[in-house]
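Student: What follows is the residue order along each chain.
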Amino acid sequence: MNIHEYQAKALFEKYGVPVPKGAPAKTHEEFVTALAQLPEGPTMVKSQIHAGGRGKGTFTNGFKGGVKFCKTKAEARDIAAKMLGNTLVTVQTGPAGRKVQTVYFTTASDIKKEYYLAILLDRASSRPVIVASTEGGMEIEKVAHETPEKIFKVLVDPAYGLADFQVRQLIAGLGLNAAEAKGAAKLIRNLYGMFWETDAAMIEVNPLITTPSGEVLALDAKVSFDSNALFRHPGISALRDLNEEDPKEIEASKFNLSYIALDGNIACLVNGAGLAMSTMDIIKHYGGNPANFLDVGGGATKEQVVAAFKIILGDANVKGIFVNIFGGIMDCNVIATGIVEAVREVGLKLPLVVRLEGNNVAAGKATLGSSGLTIVSGDTMADAAQKIVKLVA
Amino acid sequence: MAILITPETKILVQGITGDFGGRHARLSLDYGTKVVAGVTPGKGGQVFEHEQHRVPIFNSVHEAVAATRATVSVVFVPPPFAGDAILEGVDAGLDLVVAITEGIPVRDMIRVKRAIAGSKTRLLGPNCPGVVTPGTGPQSTGGCRIGIAPGYIHRKGHVGVVSRSGTLTYEAVYQLTTRNIGQSTCVGIGGDPVNGTSHLDVIRMFNADPETHGIILIGEIGGNAEVEAARWIKTNVRKPVAGFIAGATAPAGRRMGHAGAIVGGAEDTAAAKIAVFKECGIEVAATPSDMADALLRAAKAKGITLG
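Order-wise, the sequence lines are chains P and B. 1 is the number of the first residue of the first sequence in our numbering; add one for each residue after it. 394 is the number of the first residue of the second sequence in our numbering; add one for each residue after it.
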């Protein structure tokens, strides 16, 4: 689960990670109260959406830049008015963009130098890894590719936690002076404490900055949490912003369906994540384009199948449906009955290809065959995929 | 032989009194698997009954092991308690713990993995379909089925299958069985980013197993486990190997169902992994329908008969 920068920075403050003074606002009235909390002088205005690339983004009303430097608070208020309620398009949002529902004002900092700091899971070692770099404010993937020697990593042993010598290694790598080192050590320790205690999936600070007066501050904050651990963090669960999520994905999650919208026109309904991914792949292999990833899970019910049909048909681009079920334990006839019911309930007009295999498959195929509906049967995944691609073309 | 388990292996079920655990304990008993104990804290002394079977339930894994000599556990415990259930099995000195539970917090698994390092216990999973060593009876009964895989699609034979995904494993097994090619052992290592047993661990076991004559390696986007396995295969494995990678069409940065299936960098895309497979002499299945045929091509090239 992702959260906004202003929410992440509130958590940073709670865990003792220094950030520039800031205040969020969700309405024009709140601009005044938010700005009143900041000192007079240079102020940043930052659009709060979950996607990156905000600074270089463009609003659909033509206004350029989702993050702006302002010389005064009065100017910040005018700029915020141009952002709030408008749609920001960045390299990460796709052409539809995201509506800015919150702006975040922060005191503009004097920057001596920018750095990069992140904490995430290192899959190879199954340990948390802290990644630091002297190249802040840039895309870390680019730094890793072009100048890997400028990236420093320490793996944290979960039995002992972050060791002092590891903090010193990171600080030495960043080349901080003695005055900065003290603040940086505290910041890194506290940030790791937050990562561990909150079940964060990733914390990224880009940039981390030093100031001419020797302060070390997190200038930006990108934080996501392990969705499987939210049950033990009700305060963090409350930070979820449904405006940032696809309504179809929210609806799917209510039925325990795993759904992700894509930009093709062949909808898929599959049991199992691996098979669902491969179903998208095989559609592409035969020249089609998948409209979604949809995993109904191992123990799908009729209700789930009906809900799944409604969700995939909510996508106007869909021109055909491919149902691919390997019912190992699950009864194929239950699925077939669900499909027939769903087709009748939604009055499906689009081509539908069903590939059923596994437990009680003969009864399942008979149910489909005797339904009087136009359902094309596929014998294998390959056969079914070729049929739906042809029907949609 | 086979790997990890044999039809003689005695297993206990942690969470046998839950709907899910109970249902699959019954299916394993039907398959002929020696399910000798159940564990549910607070329900010790009760009995899990299924047809002629009477499986005693214990309060702890230690008690169950002392009374029944079970050596393998399968975990169906809900996510908040599953990490603890795994540790209990490790502490009781089991040979193998198979964690089926989906949705265990990553932090719990980081701690579990650290805690079990150096112990004698192997962990399979979590978020995995389990492991099947097919038997010689009708529809492969008489074998050992641990977890949630459909037993009846298997057939006893000489192909080892390893995968992160349940349904893709079944797809591969079904393709093999319908071509009259049996399996030695089919292993699901699970779809989570932190898991106990890697593709490479299983490949090493298949390579050392004289009963395994060919291998199907099924992977997906995310992480570098498949690449690590492929490089080892290149230098160490002479048996025919076929591979498939799911997720070629997955958009970057989105989690595709499995918590581990997310493309992070250029290295963990399907295309990158497929390129490494080819470079390492693994016959790549063009589509998931091609997995068994890909293995047959690899076997034919080496002059090996698998049927």
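Simulated from the structure, these hints should not be mistaken for laboratory data. It is possible that some hints are incorrect.
Coverage of chain P stretches by chain B, computed from C-beta distances (three or more under 8 Å per stretch; other residues unrestricted) [as the list claims (entries may be wrong)]:
no., stretch
1, 165-174
2, 195-208
3, 341-347
With a Cα cut of at most 25 Å, we get these calculated DSS-like pairs of lysine-lysine [stated by the list, open to error]:
no., chain 1, residue 1, chain 2, residue 2
4, B, Lys506, P, Lys284
5, P, Lys68, P, Lys21
6, P, Lys113, P, Lys82
7, B, Lys671, P, Lys153
Per label pair, the in silico range of CB-to-CB distance [stated by the list, open to error]:
no., chain 1, residue 1, chain 2, residue 2, range
8, P, Thr374, B, Arg462, 44 to 50 Å
9, P, Lys302, B, Pro473, 26 to 32 Å
10, B, Glu660, P, Lys56, 42 to 48 Å
11, P, Asp263, B, Asp477, 41 to 47 Å
12, P, Phe165, B, Asp412, 47 to 53 Å
13, B, Gly438, P, Phe165, 38 to 44 Å
14, P, Ala163, B, Lys513, 25 to 31 Å
15, B, Pro434, P, Gly161, 43 to 49 Å
Heads up, the beta-carbon is just placed ideally off N, CA and C, and yes, glycines get one too.
Student: Does lysine 82 of chain P lie within 25 Å of lysine 113 of chain P when you go C-alpha to C-alpha?
Tutor: violated, 30 Å
Student: Confirm or reject the coverage of the stretch 165-174 of chain P by chain B under the rule of 3 or more residues with a beta carbon closer than 8 Å to the chain's beta carbons.
Tutor: violated (count 0)
Student: Could you check the hint for me, namely that proline 434 of chain B and glycine 161 of chain P are 43 to 49 Å apart, CB to CB?
Tutor: violated, 30 Å
Student: Within 26 to 32 Å: is that where the Cβ-Cβ distance between lysine 302 of chain P and proline 473 of chain B falls?
Tutor: holds, 29 Å
Student: Below or equal to 25 Å on CA atoms is what counts here, so check lysine 506 of chain B against lysine 284 of chain P.
Tutor: violated, 38 Å
Student: Between aspartate 263 of chain P and aspartate 477 of chain B, is the Cβ distance one that fits in 41 to 47 Å?
Tutor: holds, 43 Å
Student: Test coverage of the stretch 195-208 of chain P by chain B using CB-CB distances below 8 Å; three residues minimum.
Tutor: Holds, because 3 residues of the stretch 195-208 of chain P bring their Cβ atoms closer than 8 Å to Cβ atoms of chain B.
Student: Between phenylalanine 165 of chain P and aspartate 412 of chain B, does the C-beta distance stay in 47 to 53 Å?
Tutor: holds, 50 Å
Student: Falls inside 25 to 31 Å, the C-beta gap from alanine 163 of chain P to lysine 513 of chain B?
Tutor: holds, 28 Å
Student: Sort out whether lysine 153 of chain P lies within 25 Å of lysine 671 of chain B, counting only the CA atoms.
Tutor: Between lysine 671 of chain B and lysine 153 of chain P the Cα gap is close to 31 Å, so the pair fails against 25 Å, i.e. violated.
Student: So does glutamate 660 of chain B sit 42 to 48 Å from lysine 56 of chain P, Cβ to Cβ?
Tutor: At roughly 26 Å between Cβ atoms, lysine 56 of chain P and glutamate 660 of chain B fall outside 42 to 48 Å, so the hint is violated.
Student: Given a hinted range of 38 to 44 Å, is it respected by the beta-carbon distance of glycine 438 of chain B and phenylalanine 165 of chain P?
Tutor: violated, 52 Å
Checked against the numbered hints given earlier, the structure breaks hints 1, 3, 4, 6, 7, 8, 10, 13 and 15 and satisfies all the rest.
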